[in-house]
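Engineer: The residues making up each chain are set out below.
Protein chains: 6
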Amino acid sequence: MTGWKHPSPEGWSELAWAALDEDIGPGDLSAACLNPESTVEWVIECQASGVLCGCGIANYLLQPETDDPDDCHTEVQMEDGEPVHKGDVVIRGRSLATRLLTRERTALNYLMLLSGVATLTSKFVEKLNGLEAQITDTRKTIPGMRALQKYAVRCGGGKNHRMGLFDAVMVKDNHIRAAGSIVEAVARVRHNTGHMTRIEVECENLEQVREAVRAGADVVMLDNMDPFTMAEAAKEFRDKVILEASGGIDLDTVRGAAASGVHVVSVGALTHSAPALPFHLEVL
Amino acid sequence: MTGWKHPSPEGWSELAWAALDEDIGPGDLSAACLNPESTVEWVIECQASGVLCGCGIANYLLQPETDDPDDCHTEVQMEDGEPVHKGDVVIRGRSLATRLLTRERTALNYLMLLSGVATLTSKFVEKLNGLEAQITDTRKTIPGMRALQKYAVRCGGGKNHRMGLFDAVMVKDNHIRAAGSIVEAVARVRHNTGHMTRIEVECENLEQVREAVRAGADVVMLDNMDPFTMAEAAKEFRDKVILEASGGIDLDTVRGAAASGVHVVSVGALTHSAPALPFHLEVL
Amino acid sequence: MTGWKHPSPEGWSELAWAALDEDIGPGDLSAACLNPESTVEWVIECQASGVLCGCGIANYLLQPETDDPDDCHTEVQMEDGEPVHKGDVVIRGRSLATRLLTRERTALNYLMLLSGVATLTSKFVEKLNGLEAQITDTRKTIPGMRALQKYAVRCGGGKNHRMGLFDAVMVKDNHIRAAGSIVEAVARVRHNTGHMTRIEVECENLEQVREAVRAGADVVMLDNMDPFTMAEAAKEFRDKVILEASGGIDLDTVRGAAASGVHVVSVGALTHSAPALPFHLEVL
Amino acid sequence: MTGWKHPSPEGWSELAWAALDEDIGPGDLSAACLNPESTVEWVIECQASGVLCGCGIANYLLQPETDDPDDCHTEVQMEDGEPVHKGDVVIRGRSLATRLLTRERTALNYLMLLSGVATLTSKFVEKLNGLEAQITDTRKTIPGMRALQKYAVRCGGGKNHRMGLFDAVMVKDNHIRAAGSIVEAVARVRHNTGHMTRIEVECENLEQVREAVRAGADVVMLDNMDPFTMAEAAKEFRDKVILEASGGIDLDTVRGAAASGVHVVSVGALTHSAPALPFHLEVL
Amino acid sequence: MTGWKHPSPEGWSELAWAALDEDIGPGDLSAACLNPESTVEWVIECQASGVLCGCGIANYLLQPETDDPDDCHTEVQMEDGEPVHKGDVVIRGRSLATRLLTRERTALNYLMLLSGVATLTSKFVEKLNGLEAQITDTRKTIPGMRALQKYAVRCGGGKNHRMGLFDAVMVKDNHIRAAGSIVEAVARVRHNTGHMTRIEVECENLEQVREAVRAGADVVMLDNMDPFTMAEAAKEFRDKVILEASGGIDLDTVRGAAASGVHVVSVGALTHSAPALPFHLEVL
Amino acid sequence: MTGWKHPSPEGWSELAWAALDEDIGPGDLSAACLNPESTVEWVIECQASGVLCGCGIANYLLQPETDDPDDCHTEVQMEDGEPVHKGDVVIRGRSLATRLLTRERTALNYLMLLSGVATLTSKFVEKLNGLEAQITDTRKTIPGMRALQKYAVRCGGGKNHRMGLFDAVMVKDNHIRAAGSIVEAVARVRHNTGHMTRIEVECENLEQVREAVRAGADVVMLDNMDPFTMAEAAKEFRDKVILEASGGIDLDTVRGAAASGVHVVSVGALTHSAPALPFHLEVL
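Residue numbers (this note's numbering), protein chains in the order written: chain A, 145 to 428; chain B, 145 to 428; chain C, 145 to 428; chain D, 145 to 428; chain E, 145 to 428; chain F, 145 to 428.
With the rest of the complex left out, here is chain A (with noise of 0.2 Å):
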């Protein structure tokens, strides 16, 4: 994607060209029975509320081609990260009917994986209000998608954690059994990267937080700590490193998660179990 805000059609356009191709395969069979000149005009519309996103993915699947009639077009009515309601059209044009309704269902899937994305992270974020710490994702996104569900939790309002294993280091627990210690492990790490590479140590207690700190963690992940732990834990160190809870954290739990002085809260759920958000196309 050239933007990091918007991302444009060079990070994803392949991607949907293959979901496209997963859906027509051979050939849209119904397609049959349409007058392939005529045209028909349509809007899509949001049937929930929520957090919109993916507007650019349907857009472009849905925009006419360099050969479509004169009168195609499509608009988009409505930001990604713009709030959402029931009723609410948020892309609308005219198309060739053929071409409509062989890319609707795909065009559709984007919006509402997406949406519901943004949407859940949103309800999240909400949760946090008056409290300094930012919701972010995690690596638990569904194979494929990780830019795009990524980016839908940027609509909502949440931060990105690492994008993957190549743009920050995070040592484990199995990292610092295979290297002895947490300061072992984080010298080789720091020896073998440069720079401008973050590391995050995950720990299960105050030792090891404090382990952590000594060995020159950039940012310790408090690992399914309770909420007095990570108190302690905030009291002690969080002005010498970015302190980040983690750990099977939901709706319910994430307030006191975060009010404990955490610097960051992630949450897997925001890209493995947000449910879609619906949305159904009309032609007029």
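A hint or two may mislead.
The list cannot tell twin chains apart, which means a pair is met if one copy fits it or any two copies do.
As the list claims (entries may be wrong) - Straight line, CA to CA, 20 Å or less: simulated DMTMM-like cross-link-like pairs of lysine to aspartate or glutamate:
(1) 316 - 185
(2) 316 - 181
(3) 271 - 209
(4) 384 - 362
(5) 384 - 209
(6) 316 - 328
(7) 271 - 394
(8) 379 - 351
Just so you know, the hints here were simulated from the structure itself, not pulled from any lab data.
Based on these hints, arrange chains B, C, D, E and F on the given structure of chain A.
Structural biologist: Chains B, C, D, E and F only, in chain A's frame:
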């Protein structure tokens, strides 16, 4: 996929490598704290109750490469489609620590997603206990994941609706409007497709159902009808065509819909809103 | 392909670029004797009688790129599916000489191959003049060319059998042997596929035909049967199932097979042995 | 392809997997009636006389995968380029029934296509028995199949003309017109290509042949000339350049063309109009 | 590439997008500080003297996309192959700031690499001023960059040796040893290739040169011979075959090698050790 | 790449096959003079002194395929990162002559390129002997080769700067101008990126350095500053941020830059202008 029951790697290996690549990118920075030759023993455990799906892919991603030490191996302990409970070990093995920790997340992401779909499907199927009607999926799938999600539906006890636009016909309201009538729409499609293709017509009321049957439809969808209307349709046409109930059906309403006498109930949520089933990988 | 009747570039453009690449490789050496800016006027002429197919691809390959001079253009003069004769101009245009001569051969190769298939199909279809039976293709296609060859069959007046292993079921002798009986084989398949899938059973004698009908087959293939046996099968089962004659049928035997009363006659030669229909490109 | 004589899988394996994918798509529905563990013994038999080509690909597609049972194997019984007759077994093996029946059609489609090309080539080569002239192919090939079809031509005893636009120069009438004269066209090409490139000039009469020889062409094509004119050209220039007869030459006219004294006769039909040689797979 | 002189985007656009993707990955993080709608005016300036190459690719990467504001444009100011000096503006334009800063580095990396090759080539060519011999490249290229580097060699005034293993034959010492003799090796190759293929033989001494000429080689490589031996070879065989000097030739020795009377001097360093020519992009 | 230290084939195998394909194209014509069954023993020798890099890829390309004779094998004799001298054997093996000669050039091209980068890096690293500062690379890499070239930099003793636009932030002069000030630019980026991302600011004078530190930059680049200014910056800010010297630094100036007290010196020439280290393959 070579087979239908147990899809073999030809069908999804490219996706699986792309998913790994999405996570690893230009390299796993954290691997720097591991000894590149050391091997570790591990298990993947389920963390909740549900129906298992995705062992083949997870195992494919974790199994040893040809150059790995001789003691490396993986063993699938349970089969896709089996009920699974908290603490069940589904795959176990010994692997190079570097390879294991680099690929763990992607393997788990597949297991969690697909077992989530199978689990939700099985809940719908259980609701129909004692009835003849079958649960089927839709085309409301995650872009790029359709064949795997439809496999997960089968693992959960459901049936597959058409795979895409290419393997069966669905005449929808917009097709009907464009063709002028159901009879005309079906005639056009019949004229343009071969003798191996089934045709379904989406109907909103009994009058349309009657016309669809008269037009020679093989399958009639009762779209968003109340159970009483569906029961009427079933009484009249159940022996002449296949009847499918569809439209916003959830775990609360599915038994009522099925009890109306339709042959099939299709549920979009199976593939667009199934929460993940949690698994984790434990190094012993 | 977006549409079924006129497949659009999404379905074959990648193949077309790969075919160009196969011919051009690291560069057209002969282009060195052309002025890179000069444009020429040209026509593609048919050199024999037949049925036209492939204009869309040929035109796609020859049409101007965005940077070409303003007077460059192409015009398709005839439609796929039309009868064509020696001397007929099917596409005309003005192009950069370098681009035209570099792409000419690939465009013509598609036209020749696909029009060859459409032409042979039309000859089979003509033989059935006045009969109800339809000509259909098989899976004996050129690797990589199936969807396009099946489109050519439609242009020649034929129907398409299943597109591949994924859109319908064919229970063959080996499947029957493996399952124990036709009844068992059909039952297993019915259990594993959804309500949108048709099932055909390949039968070698009337006894098998009877069993297939009893088993609930939708379509029965009469494999390599003589016309008299086929007529018997047709008399008994024509109203209960769809009957397909198959097995080494050529232009001499096709009318006899069709006259037996079957609904469909399938012919492998349409797609594996159709001679090319010649075309050439003339610079004016 | 690693080697020239026996092209190895690097050169065509991607095409072969794409061809399989075209047939299998999202899954072989018919496999549902097979036991996924049972293995069967099989042979591929030729069903007519000709020259064999394509064993390597067919065997590649059918050979066991690493996870198959230990008794699975395949054996190629005859070599590409050998004469083959009805009933000859060309490959035999034991395979998982599911894999075999899923891949059978694609393997046979390659064998039938390539053996068809080799067989037709051998018929042209036989016609030249006792003469020095050689049969060569053209660029009139099936899109995407050029390297394999040209290999089949070699198996049938023919030689390959240039592989594409990139490995040799052909100055055609349009190039000549654009450059002003044969001398100028050859000079421009010579100036722009290196010392490893041969240049052929397409000539329509003896005057052009003379100019081409004077211009320093390495090869001269006698395009659509009658045998007497070709004989004259051969008498005068046979020792100075390589002479190629070309243009609509068939099995009836090829010996006359060759007897004129040219070095090479090129035949488009080898690769655009060769009927398939039939093969079938028999489960024992 | 469509043309030979000015390779068009078909030949390298996939590489160029892959290079962009390598740099951008899941998104340009730094773009977050730019206004996504603001446009800027810019120039690309050369920072040293040399020969220009790569304007086409650089411009292709920076030119506006269809959705960009109307005032966006790019203009190539100089042509590939032209001499260039510090301060020369080679491309200028107005672009979205986000797109420009995201793509700048990749565009410059191509310009720097290809102009580096063209510049080094031109230095070798200048050394041969007044001699007939030509500078040619080798297969010692950067993996994945061969066609573009060979284009850069042509821009620098050099000629191209064979593009790869497929467009001409080189019989090397190992081939000779395997075949038993030069005569036998050449005979085998001649038997297996068509009439459009040139054959070169690598020779280490005059005896081998004699045998190669006798065997009918089209080109003889004088491998690592001293200038005196090369002069002897040239005197005897210059009119019978094409002679190529090769082996560790640098800017100091190239004139001596060429003066020996050979037709061609091949230099590996052109494509494996050319230092980059520096360029930078300036926002005005 | 699976690991960071020794990148495994997943990361580069596709590139390696594409590079082979670029060389082999539709077939190695010269292989026709080899016996397709004969095997030969061989070594790859270094021909100059330097630091080794690329053994893994070279070995991957030359190692036996599964169908090769049993005596075929390869052995890597030295490790990437080791110093290497003229005559050192780095890989040895026995291979099919056809496969070896077809793949030799591509394997050597990788070895020469990557060892060239490692060698030049090691020369810069040696210049800093006794100083704390580290040598790091830039994004001025060969398109398509970044991950491998950055691996070569690590082999030569250098560190990696960010891999691309996606794994860290660099605020450049144009970003600053667009945002209005360094403080504003850093604030915007901080707002849009997560807690795992480091931010570097490119500064041209001490004033800017001060502002960058105040803005909360993690790293400050001293762009094209003279050593005295850099020393001043280091004295004041060395303990607060990471300081990077950059801009046209060569082997003559690198020690001066490093001695100023910066933490890191970045050098573009490592990856855009490193001459190849020569290797050759010898059949014994």
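Engineer: With reference to the structure, classify each hint as holding or not holding.
Structural biologist: Hints versus structure:
no.: 1; hint: 316 - 185; in the structure: between (54 Å within a copy, 16 Å between copies)
no.: 2; hint: 316 - 181; in the structure: between (59 Å within a copy, 19 Å between copies)
no.: 3; hint: 271 - 209; in the structure: neither (44 Å within a copy, 41 Å between copies)
no.: 4; hint: 384 - 362; in the structure: both (9 Å within a copy, 14 Å between copies)
no.: 5; hint: 384 - 209; in the structure: neither (55 Å within a copy, 42 Å between copies)
no.: 6; hint: 316 - 328; in the structure: within (13 Å within a copy, 35 Å between copies)
no.: 7; hint: 271 - 394; in the structure: within (10 Å within a copy, 28 Å between copies)
no.: 8; hint: 379 - 351; in the structure: within (14 Å within a copy, 36 Å between copies)
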